[in-house]
Amino acid sequence: MDYLLFLIGTVLVNNVVLARFLGLCPFMGVSGKLDPSIGMGVATTLVMTLGGISSWLLEHYVLLPLGIGFLRILAYIVVIAAMVQLIEMIIRKASPELYRALGIYLPLITTNCAVLGVPLISVREGHDLLQAALFGFGSAVGFTLVMAIFAGLRERLALASVPAAFSGPPIAFVTAGLLALAFMGFGGLI
Amino acid sequence: MSSIGIASGPFAHDRSSVNRIMLHVCLALAPATLFGLYLFGWPAINLWLLTCASALATEAACLRWLGQPLARLQDGSALLTGWLLALSLPPWAPWWIAVGGSVFAIGIGKQLYGGIGQNPFNPAMLARVALLIAFPLQMTTWALPQPLGSAGAPGFVEGLAITFAGAPLADGMSGATALGHLKTELTLGHSAEAILAGDFSLLAALLGNSAGSLGETSELLLLLGGAWLLARRIIHWEIPLSMLLAVLLLAAIAHQINPGRYPGGLYHLASGGLLLGALFIATDPVTSPVSRSGRLIFGAGCGVLVYVIRTWGSFPEAVAFAVLFMNALTPLIDRYWRPRAYGRNARGKPLPVGRQTNPLNQEGKP
Amino acid sequence: MFNLARIRGGIHPAAHKDRSAALPIGGLPLPPRLYLPLRQHAGAEALPLVKVGDRVLKGQLIAGSPAEMSAPIHAPSSGWIVEIGPILAPHPSGLTVNGMVLECDGEERWIELDVPANPFDESPLVLAERVAQAGIVGMGGAIFPAAVKLKQGTRHEIKTVLVNGSECEPYLTCDDRLMRERAEAIVDGARLIQHILRAYRVVIAIEDNKPEALAAMRAASEPFGAIEVEAVPALYPMGSAKQLIQSVTGREVPAEARSTSVGALVHNVGTVYAIQQALRHGRPLISRVVSVAGSCVNNPRNLEVLIGTPAQALLDACGGLSLEPQRLLLGGPMMGVALPSLQVPVIKGATGLLALAPHELRNDQASPCIRCASCVDACPMGLLPLEMAARARADDLDGASDYGLRDCILCGCCSYVCPSHIPLVQYFQYAMGKQDERRSAERKTEYIKRLTEARAERHAQEAAAKEAVKAAKRKPADKPTSEVQS
Amino acid sequence: MLMATLALAVMGLLLGSGLGLAARKFAVSDDNPLLKEIEGLMPGSQCGQCGFPGCGPAASALVEGQAAVTCCPPGGVALAEKLAELLGVTLDAGQMSAPLLARIDAAQCTGCTRCYRACPTDAIVGASGQIHSVLRDACTGCARCQEACPEDCVALVTQAPTLDTWRWSKPQAV
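Chains as they are written, first to last, in UniProt numbering: chain Z, 1 to 190; chain S, 1 to 366; chain C, 1 to 486; chain H, 1 to 174.
When the alpha-carbon atoms are kept at most 30 Å apart in a straight line, the in silico DSSO-like pairs for lysine-lysine are as follows:
1. C/Lys-449 to H/Lys-36
2. Z/Lys-93 to H/Lys-36
3. H/Lys-36 to H/Lys-82
4. H/Lys-25 to Z/Lys-93
5. H/Lys-36 to H/Lys-25
6. C/Lys-151 to S/Lys-349
7. H/Lys-170 to Z/Lys-33
8. H/Lys-82 to S/Lys-349
9. Z/Lys-33 to S/Lys-349
10. C/Lys-449 to H/Lys-82
Here are the simulated distance ranges between beta carbons:
11. C/Glu-68 to S/Arg-347: 33 to 39 Å
12. H/Gly-16 to C/Asp-436: 53 to 59 Å
13. C/Asn-363 to H/Leu-156: 41 to 47 Å
14. S/Pro-350 to Z/Pro-96: 24 to 30 Å
15. C/His-459 to H/Ile-131: 21 to 27 Å
16. S/Thr-184 to H/Thr-5: 58 to 64 Å
17. Z/Arg-100 to H/Ile-131: 48 to 54 Å
18. C/Arg-19 to H/Leu-156: 53 to 59 Å
19. C/Leu-47 to H/Asp-105: 25 to 31 Å
20. Z/Val-42 to S/Gln-74: 46 to 52 Å
21. C/Leu-47 to H/Ser-128: 28 to 34 Å
22. C/Glu-442 to Z/Leu-129: 56 to 62 Å
23. C/Ser-440 to S/Pro-350: 22 to 28 Å
None of these hints come from the bench; they were simulated from the model.
Note that beta-carbon positions come from the ideal geometry of N, C-alpha and C, so glycine has one too.
Throw the hints in and build the complete structure from the sequences for me.
Have a look at this one:
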C-alpha cells in the first residue's frame, strides 16, 4: 500500500514535468503528434527505470564505498549515456519503425534532464533500491502521461483556428501552463 | 476545376443554432441563480452583474482585436461563461475577483485559442482555479446566507461597499462551507458523524440555505434546470449520470468501511458544486468527448477525481480541478473511444463477409 | 413490425409531402425539344448510333453502351436529331456534357416493340440482358445500371430482394404516388426480379408515413405468398440501401463490401416499375415520374415526364412559380443538387424538381464547431463528422479517412442538425474529390511509367534488330571462319 | 584523487567495451532504403522538367535535400504529398501549378512525326503525313514535342474542367 501511494505520488502529485519542471525539452519538442510522444514516453520509461536502478547500484556499491560522491553527476551521466546508446542500438535493430518515429529524439534522452535529475533526487531523498526503481518508473510514467495528454491537446490545437500571433509554440506554452494548473488539484494528496 | 460559391447539399436544416443552445443553458440556470441572488443579497447581485458584463466586454474586445465579426457576441457563449464563473465565486467577493476572473476566462481560456469551440479547457473553471490559487483568502471567505430584506442583510449601498470598497465582513457574517468545515474538523480529530450530526442538515443543503458559492447552494433548483436541459436534449445524460454515480458509489463504499472518517454519498451530492458541475460545467460540449462511451468515461473520471481530491487532497472543493483534468484528457478519450461504425467492428476493421449471424433476428420470419 | 432492427442515428426532417402526394400523377404537353445527355448513369458515356438529321422513332435506340458498366439511351419521342454535342448538364458546376438534342415531330410514333411472350419462361441472364438493353438505371437517384446489379446478383445467393419504397427525402412523393397508382405492375416487377435472382423472398419496404401506399401494395401483393409488404419507421436516411437492409434483415453490410455479401439486393420501386415495363411490354426507359414541389411552386404535384424534358416545362405544367425561388434543386433537399438554370433536362435519376424559398433552406452563415456532437448522434453510419470535417479543412485526407470518410454515404444528416450551420457535406465532397484527384494522378503516373518502360524496351529491341541486321550484313564475310571453328 | 581517476577510467573502459560489443551484435546495414523507395515513386519518364538529368538523379537530389518535393510536374500533387511524407517536410500545396498538357494545332500540323518521336511517353499518335494528336492520359507536359516541332504548332495549355475532373471546392473558412 505504501509503495502504491508512493507511485501515485510520483506520477500525479510530484509530476516530473509539471511539478518538478524536468524534461521540458522533449515535453515541448516531441509532443506535436501523439504516436511519437507515446514512443518517446515508452523509451524514456525504459531508460529512467534502468537509470534509477543502475545509479542506485553505482551510488551504493561504487561511489559511497570509494568515497568519491563528488563525482556523482559525472558518473551518472556516463552510465546513463552508455545505457541510452545501448537502448538506441537495440531499438534500431528490433523496430526500425519506432526508430524512424523517434528519430533524433533518442539520443536526446541522454540530455533529457529528467533522466539525470530523477536519480539525483532519488539519492537526496535516501530511497532504497526498490524505491529508487519505483521512483524512476513512476516519474517516467508521469512523464509519459503528461506527454500523451499534451500531445492530444496539441493535435487538437493544430486543427483550431488559433490567432496567428499565438499559433504554434506560444499557445503550446500557454496550454502547458494551464495543464499545470489542472495538476495542482492533486496537491496534498500524499 | 473548382467551384467557389457553389453550395452543396443538404439544403434543409432543423433550425437549431448555437445561440439557442447557450440561451437554453442560461435559462436553465436562472432559477438557481435567482434563488442564490435572493439568499446572498445585494453584494451577490453586484458580483453576478459585474462578472457577466466583464465577460461580455472582454469577448467584445477580443473579437475586435482579432478582427472577427462582433456579431459573434450574440452566440451567448461569453454570457454563459461569465454566468457560470459568477455562480462558482464566493457571493461577496470583491469586484476585482469578478473582473479578473472574467478577463482570464474569456481572454486566456477562450479567445487565445481562437474563440468559441477551440478552447481545450472550460474557461469558467480555468478562471476559478486560477483565482483560487492566486487569491486563496478571498476565494474561501464565504458569507452566510442573509436573504434580501432580512434583518442583517446589507442594503444596496452597503452591498456596493462590500463589492467595490472591500468593506470587511463582520465576524458573524462569514462561515465555512460544509465541505470546508468537515475538512477542518477532521484534521482536529473529530469524527465525521459527530461533525455532521452537529452542523449539517441535509434538507438545508438541498434547499440551499447554507454557506457556499452563489450557484452551488440550491441543489433542487439545479436539478430542475438540469432535468429541463436533458429533456430538451441540450445536454447528454451520460456525463451527469456517470459523474454523480461515481461519487455516490465511492462515498458509499468508503462510508461502509469507516463511517467515522468518511461521510456518506448524500452528503457529497448535496454539498459543494457537484450538481452544478455535473449538470452544467462538465457537460460543456466544447471540452467534453463526443462519443457516448467517451462521455461515460469522462463523467466517471470527473466523479472519481472529485471524490479523491475532496477526501484526500488539500482543497475542500474539487469540481473545478476534476473537470480541468478530464478536459485535458478529452482529446485522448475522443481518439480512443469512438462510436462503432456501420459495417465495422469496434476496432474499425470491416465485419467479416458472409459469416455474420445475428441471434436476435435471423433471416425470414421469426 | 416487431422484427425490424433499429438503425443508428438518423433524423426526422419535416416531410412537406402532403400537397404533391394528394394529386394523381399528371402529364405535361410534349416539349418541342428534348435534351438527352449521353451520360445519365454511373459508368461509361453512351456512344451515339445516329447522326444529326436522322429521323428517330419513339423508343428507338439512339446511343449504345460501350461497356458493361454503362446504359444505352432511347429516343423518348419521335422526331429528328438536330444536334450532337455539348449540352448543359444537370450538375451544380454548370458545365456541359455530351448529349443529343431531339426535335419532336409531335407524332409520338413508337418503334415496333419486341414484346416477350412470358418472361417467367426465360432464363435469368436473358432477362437481365433485356433490362440492360432497356437502359434502366437506379431511379432513386443512384443511377447505377440496374442490369449490372441483377447480373451481380445472379452470381450470389440472394435471400432477400428489397423493394425500396421508403422515400425518406422530404418533399418527394413520386414513389408514393407510383405505389398507390401502379401497385400491380410493381408487384409484378418484384416477382420478375425474384425470378431473375432466384431469391427466397421479396420485401417491399415502405415508410409508415405512407398508409395509402402500404394499403395499395398490400392489396396487390396479397395473391403472392413470397412477397411481403413491410412498414419501416419514417426516418431519414431509411432509403439508403445499407440502412434499409439493416432495418429489414437486421444485418449490417460489412464495410467495403456489397449488399450481396449479406444476401440482399435493393431496388427502388421506380426501377422495379421500369423493369416490369421492359420485360412485360418491351418498353425501354424513356420516361419517369418526377415530383415538382417546394413552396415557390403554385401547384406541387407528380408528373410523368419524358427523359430530356427541360425543367422549365415541368414548372409550367405545375402552374409556374408563385415567387422567385432562392434555390432550384434536382432531387430531394437532403441529397439533391442545386441546378444552374431551368434549361437543364430531366434525366433518368431525377426524382424531384424543387423550387425552395429562403425559409426552407439552410442558413449559409457558418460559425465555428462547438463539438456538440449532434452530428455524431445523427450519423447513421456511426462516424465522427466533426472530426472528418476538421481534418478535411486542414487537408489531412488520411486523417479524414481514418475518422470515417471512407464509409460516409453523404446523406447529410450531420449538416442538417449542425447548430453551427457548418457545410459538413461539402467538406466531405471536397476531401473525396481530393482523394479522387490523388488516385487519378497516381494512376496516371503508373501509366506513364508503363509507357516509358515499353518505349525503352521497344528502343532496345529496335536497336537490337538494327544490330542484328548489321551483323547479318557482316556475317557472309565471317562465315568461313566460323565454319572452321565449328 | 587517484581513486576517482581510476574508478572513472575503469567505468569508461567497461562501458566502452560493452558498447563496442553491442554495436557489433546489433549492427544494422547502413544503405539508404529511402533512395530506392523514392526512385520507385518517380514517374520514370526521364522528362527532365525537374531540372535534373532524369528521375534517378532527381531522386538522389531529393534525398539530399537539393530538390523541392514539388519539383516533379508529371507526378503532380499526389507525388509531392508522398515525397513530403517520406522526407518529413511540410508541403505547401499552393506551390504546385496546374498540370499542363500539350495540344497540337491541327491547322498548322504537317504530320512530320518529329514530335511523335520526341515524346518520352508515346503520348502523341499519328502517322507520317497525318495530323498528330495528343493522348490526354499519357501526356506529362514535358514540352519535348514543343521543342521538336518545326512548325511551332504545339502549345502547352491547362486542362479545361469537365464533369470528370470537376471537384468540389473547400468551403470558405469559418
